[in-house]
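Protein chains in written order, with our numbering: chain A, 1 to 337; chain B, 1 to 337; chain C, 1 to 337.
Hints are computed from structural coordinates only; laboratory data are not their basis.
C-beta: ideal position from N, C-alpha, C; glycine also.
What you were told as hints is all true, and nothing was included just to trick you.
Computed far set for chain A versus chain B, every beta-carbon distance over 10 Å: (1) LYS4; (2) THR19; (3) GLY34; (4) GLY41; (5) LEU64; (6) ASP65; (7) VAL71; (8) LEU76; (9) ASP96; (10) LYS109; (11) THR112; (12) VAL262; (13) ASP293.
Coverage of chain C stretches by chain A, computed from C-beta distances (three or more under 8 Å per stretch; other residues unrestricted): (14) 153-161; (15) 172-186.
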Amino acid sequence: MKLKEIAEMAGGKIVGDETLEVVGVRGVEDASSGHVTYLAGKQYLEALKQSKASAVLVEAVVDLDMTQIVVPNPALAFAKLLAFFHPQKRSKPGVDSRAVIGDNVRLGKNVTLSPFVCLGDNVVLGDNCVLYPGVFVGDDCVIGDDCLFYSNVTLYPETRVGNHVVLHSGAVIGADGFGYTLDEAGRHFKIPQIGTVKLEDHVEVGANSCIDRANLGVTLVREGTKIDNLVQIGHNCAIGPHSIIVSQAGIAGSCQLGSYVVIGGQVGIADHLKIGDKAMLMSQAGVARDVPDGAIEGGSPSLPRKEYGRLVALSHKLPEMAKRIKELEKRLDEIEK
Amino acid sequence: MKLKEIAEMAGGKIVGDETLEVVGVRGVEDASSGHVTYLAGKQYLEALKQSKASAVLVEAVVDLDMTQIVVPNPALAFAKLLAFFHPQKRSKPGVDSRAVIGDNVRLGKNVTLSPFVCLGDNVVLGDNCVLYPGVFVGDDCVIGDDCLFYSNVTLYPETRVGNHVVLHSGAVIGADGFGYTLDEAGRHFKIPQIGTVKLEDHVEVGANSCIDRANLGVTLVREGTKIDNLVQIGHNCAIGPHSIIVSQAGIAGSCQLGSYVVIGGQVGIADHLKIGDKAMLMSQAGVARDVPDGAIEGGSPSLPRKEYGRLVALSHKLPEMAKRIKELEKRLDEIEK
Amino acid sequence: MKLKEIAEMAGGKIVGDETLEVVGVRGVEDASSGHVTYLAGKQYLEALKQSKASAVLVEAVVDLDMTQIVVPNPALAFAKLLAFFHPQKRSKPGVDSRAVIGDNVRLGKNVTLSPFVCLGDNVVLGDNCVLYPGVFVGDDCVIGDDCLFYSNVTLYPETRVGNHVVLHSGAVIGADGFGYTLDEAGRHFKIPQIGTVKLEDHVEVGANSCIDRANLGVTLVREGTKIDNLVQIGHNCAIGPHSIIVSQAGIAGSCQLGSYVVIGGQVGIADHLKIGDKAMLMSQAGVARDVPDGAIEGGSPSLPRKEYGRLVALSHKLPEMAKRIKELEKRLDEIEK
Numbered sequence: 001m002k003l004k005e006i007a008e009m010a011g012g013k014i015v016g017d018e019t020l021e022v023v024g025v026r027g028v029e030d031a032s033s034g035h036v037t038y039l040a041g042k043q044y045l046e047a048l049k050q051s052k053a054s055a056v057l058v059e060a061v062v063d064l065d066m067t068q069i070v071v072p073n074p075a076l077a078f079a080k081l082l083a084f085f086h087p088q089k090r091s092k093p094g095v096d097s098r099a100v101i102g103d104n105v106r107l108g109k110n111v112t113l114s115p116f117v118c119l120g121d122n123v124v125l126g127d128n129c130v131l132y133p134g135v136f137v138g139d140d141c142v143i144g145d146d147c148l149f150y151s152n153v154t155l156y157p158e159t160r161v162g163n164h165v166v167l168h169s170g171a172v173i174g175a176d177g178f179g180y181t182l183d184e185a186g187r188h189f190k191i192p193q194i195g196t197v198k199l200e201d202h203v204e205v206g207a208n209s210c211i212d213r214a215n216l217g218v219t220l221v222r223e224g225t226k227i228d229n230l231v232q233i234g235h236n237c238a239i240g241p242h243s244i245i246v247s248q249a250g251i252a253g254s255c256q257l258g259s260y261v262v263i264g265g266q267v268g269i270a271d272h273l274k275i276g277d278k279a280m281l282m283s284q285a286g287v288a289r290d291v292p293d294g295a296i297e298g299g300s301p302s303l304p305r306k307e308y309g310r311l312v313a314l315s316h317k318l319p320e321m322a323k324r325i326k327e328l329e330k331r332l333d334e335i336e337k
Numbered sequence: 001m002k003l004k005e006i007a008e009m010a011g012g013k014i015v016g017d018e019t020l021e022v023v024g025v026r027g028v029e030d031a032s033s034g035h036v037t038y039l040a041g042k043q044y045l046e047a048l049k050q051s052k053a054s055a056v057l058v059e060a061v062v063d064l065d066m067t068q069i070v071v072p073n074p075a076l077a078f079a080k081l082l083a084f085f086h087p088q089k090r091s092k093p094g095v096d097s098r099a100v101i102g103d104n105v106r107l108g109k110n111v112t113l114s115p116f117v118c119l120g121d122n123v124v125l126g127d128n129c130v131l132y133p134g135v136f137v138g139d140d141c142v143i144g145d146d147c148l149f150y151s152n153v154t155l156y157p158e159t160r161v162g163n164h165v166v167l168h169s170g171a172v173i174g175a176d177g178f179g180y181t182l183d184e185a186g187r188h189f190k191i192p193q194i195g196t197v198k199l200e201d202h203v204e205v206g207a208n209s210c211i212d213r214a215n216l217g218v219t220l221v222r223e224g225t226k227i228d229n230l231v232q233i234g235h236n237c238a239i240g241p242h243s244i245i246v247s248q249a250g251i252a253g254s255c256q257l258g259s260y261v262v263i264g265g266q267v268g269i270a271d272h273l274k275i276g277d278k279a280m281l282m283s284q285a286g287v288a289r290d291v292p293d294g295a296i297e298g299g300s301p302s303l304p305r306k307e308y309g310r311l312v313a314l315s316h317k318l319p320e321m322a323k324r325i326k327e328l329e330k331r332l333d334e335i336e337k
Numbered sequence: 001m002k003l004k005e006i007a008e009m010a011g012g013k014i015v016g017d018e019t020l021e022v023v024g025v026r027g028v029e030d031a032s033s034g035h036v037t038y039l040a041g042k043q044y045l046e047a048l049k050q051s052k053a054s055a056v057l058v059e060a061v062v063d064l065d066m067t068q069i070v071v072p073n074p075a076l077a078f079a080k081l082l083a084f085f086h087p088q089k090r091s092k093p094g095v096d097s098r099a100v101i102g103d104n105v106r107l108g109k110n111v112t113l114s115p116f117v118c119l120g121d122n123v124v125l126g127d128n129c130v131l132y133p134g135v136f137v138g139d140d141c142v143i144g145d146d147c148l149f150y151s152n153v154t155l156y157p158e159t160r161v162g163n164h165v166v167l168h169s170g171a172v173i174g175a176d177g178f179g180y181t182l183d184e185a186g187r188h189f190k191i192p193q194i195g196t197v198k199l200e201d202h203v204e205v206g207a208n209s210c211i212d213r214a215n216l217g218v219t220l221v222r223e224g225t226k227i228d229n230l231v232q233i234g235h236n237c238a239i240g241p242h243s244i245i246v247s248q249a250g251i252a253g254s255c256q257l258g259s260y261v262v263i264g265g266q267v268g269i270a271d272h273l274k275i276g277d278k279a280m281l282m283s284q285a286g287v288a289r290d291v292p293d294g295a296i297e298g299g300s301p302s303l304p305r306k307e308y309g310r311l312v313a314l315s316h317k318l319p320e321m322a323k324r325i326k327e328l329e330k331r332l333d334e335i336e337k
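Starting from the given sequences, assemble the full structure and let the hints guide the process.
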């Protein structure tokens with residue numbers, strides 16, 4: 001491909017040789033001749049100078065002897081070129097003879113059912129869905145178009161999934177919420193979890209993550225929300241749209257998360273809390289009360305970012321503070337004598 | 001059904017119209033005409049006043065123009081009615097031709113072996129067990145009656161499981177404990193994990209949770225203990241009976257947990273510790289020493305709840321304390337001059 | 001077996017009756033007549049005195065009326081004897097007719113492919129590998145000799161695995177790294193994760209752990225590194241050799257861990273950090289900056305062990321410090337009057 005075609009695709013303007021022959025896209029350090037790379041920020045300019053790339057996506061022309069493509073968002077343009085040069089390999093469509101299909105199942109066009117996939121009764125599966133080996137879809141699930149479920153994904157019965165949803169291996173959608181009440185004999189009596197889970201369009205769920213079905217009603221993950229690996233989402237939560245939940249975060253039951261929320265790794269959120277739009281929770285935060293729109297909180301129990309930062313800094317001064325208190329006491333003793 | 005029958009089932013007394021026709025049970029907000037709901041606590045009375053439910057389970061009569069059923073424990077009565085109106089769907093019993101059964105396996109009556117279930121040699125499986133697709137049961141496992149294993153559950157060889165045990169999708173029971181010792185060449189030499197796991201009656205294990213086999217001896221989860229998703233239980237632990245372990249908690253090797261212990265979400269417990277009966281560990285606690293019976297601890301490293309609460313409160317006053325120390329120093333400087 | 005043979009195997013010297021008949025090895029408490037046990041440290045001498053074992057592995061002769069085998073490293077010798085007396089049961093080699101093998105697959109000698117194993121196209125699998133039921137190996141994976149993959153392990157396409165690698169049930173190797181960038185419409189646009197994962201020789205990965213494929217390049221786990229259950233390793237990390245990562249730890253993208261690093265349970269490490277050789281991170285540490293070689297750190301945000309210990313101790317004195325400040329203020333008030 002010519003660089004000119006690349007620039008058109010990226011919606012950018014070439015500063016340099018537009019007849020360059022492009023063979024692919026690569027990171028700054030791995031790029032060699034024929035590769036297009038990108039400048040993620042000024043701090044990478046030195047590394048870029050060492051790069052063997054033939055051209056670079058930039059936000060504004062930089063002082064560099066390399067052909068440049070000026071685009072509004074180099075990271076986005078680069079991601080799109082990556083997707084273009086490395087299209088997702090799609091398994092050949094078709095229903096393998098070793099897949100099991102329940103009664104009254106409706107399959108869309110062009111679906112891939114790998115060996116050892118198992119669809120329960122009354123399942124609806126949209127067009128172009130790809131199900132890898134070992135996927136289990138329980139009775140009465142409804143799945144939209146263009147979904148991609150990797151190996152050993154489980155959907156419990158009645159789960160609803162929108163379009164363009166990606167579930168990574170081992171993700172479990174719709175297992176029972178964790179609810180018990182003590183019975184007369186002092187045993188934990190299971191509260192039936194008769195609700196469901198709904199994942200809206202463009203949701204992605206990481207490997208071995210768990211989203212529990214609602215006790216009553218629905219656990220909802222709204223459009224465009226992206227969930228990393230090993231995340232726990234409790235029953236009756238409503239999350240997103242367009243939120244980001246990083247690995248090993250845990251969200252207890254009945255939480256409401258707004259739009260564009262960012263939950264850091266290993267964050268824990270207690271039950272029944274409301275996390276406002278565009279709120280951010282720093283890694284390992286422990287959240288025990290509502291978080292307002294746009295707030296950034298850290299620590300356990302969590303505090304607004306500035307307060308948290310001040311407390312951490314002051315806690316590091318505890319030895320000094322202890323010393324100063326001792327000193328004050330001595331001086332006072334002296335005076336009082 | 002008539003409300004009278006419901007009241008009998010719940011062991012309650014009707015205050016109001018006992019001829020009401022009941023079509024189901026629902027939460028306060030979702031209920032409509034014909035539904036029975038319940039009052040979880042006085043704080044929900046306002047919400048109940050807005051509810052369209054036809055009757056409500058209460059602990060004591062409340063001032064409300066709605067038929068009431070007075071029961072000793074409304075939450076329990078409600079859970080039981082839920083279970084009655086929404087019985088667990090049981091797959092048709094039978095051994096699917098695509099299930100694999102090893103040599104010398106003993107199957108109880110009325111079992112369900114779904115497609116792609118795999119039972120190793122010498123497995124014993126009790127009556128009425130239901131195994132979903134992709135369940136793997138290793139050689140020499142012994143499983144009691146009325147167990148329910150969801151898709152892709154793994155039991156390593158020699159695991160023992162009691163009656164009425166529920167294992168959610170992706171749970172792994174009996175993987176090797178994590179133990180190595182450095183060899184002469186400075187490599188990690190694996191300490192063989194030749195023990196087993198035993199799950200007693202009425203244990204429930206959440207999705208993608210892991211309970212490791214013992215090094216020597218047995219990792220034991222006692223009767224009625226309920227474990228949430230993504231929990232780690234190390235080798236040689238003994239847990240329960242009737243304990244609750246919330247999602248993403250991790251219990252290192254050789255811990256002893258008593259009865260009715262409650263472990264919050266993301267709690268970490270170091271190895272070889274003893275957690276007393278009815279102890280409670282708050283979410284994200286990090287436990288590094290034994291916890292006595294009935295204690296409630298929080299924080300990392302954990303402290304008794306009151307101390308922990310005081311420290312959190314005082315830590316929030318660190319900026320003020322720093323200021324006051326500075327002020328004292330100034331005043332003393334002034335005096336000393 | 002005679003004790004003499006055991007001693008030779010362990011490279012040790014017998015002090016006592018070398019004609020003893022040995023039937024097995026056991027822990028101090030569980031041992032009975034005919035068993036060899038070991039002394040893990042002087043603190044277990046009392047327990048050893050109660051033991052019914054016939055002989056004991058010791059580092060140096062102890063004052064005890066029991067036959068002793070003096071070895072340089074009793075724990076290692078004991079582990080080796082355990083492995084000798086309890087050899088890993090190997091499934092019979094052979095390719096089950098219910099395993100699925102893609103096009104152009106190269107199988108080594110003596111492999112075990114259990115039912116419901118699925119190998120993609122172009123997979124290379126070395127000699128003596130054992131794959132349990134439900135293992136999925138994506139296209140173009142290359143796997144060395146003597147590997148052991150338990151049930152429901154997933155390898156995404158192009159994963160490279162060395163020799164003697166053990167993957168426990170539910171481990172997911174090579175799922176997409178977690179990377180998005182906002183597009184023009186404010187949606188999370190997926191950054192294609194076109195890199196791979198490489199696991200070197202003697203790596204072991206615990207149940208339900210996840211190691212993500214690189215964005216570009218490779219996520220690397222070096223020789224002899226041992227990873228516990230439910231661990232998350234982000235894209236583009238390079239870890240080891242000979243490191244230990246305990247359960248539920250999470251390592252964000254692009255981290256570099258040195259050799260013989262020990263990461264405690266539930267530790268979180270932010271992205272792009274460097275953890276030096278032989279560094280140790282205490283359980284639940286939250287690491288937000290590089291850790292030098294040999295350092296031991298704890299706390300969140302983490303500090304060198306001594307500082308962390310001092311801060312914890314001082315934080316426990318906060319109530320006292322608050323009181324002393326108040327006292328000082330009173331005394332000063334008095335003086336100023």
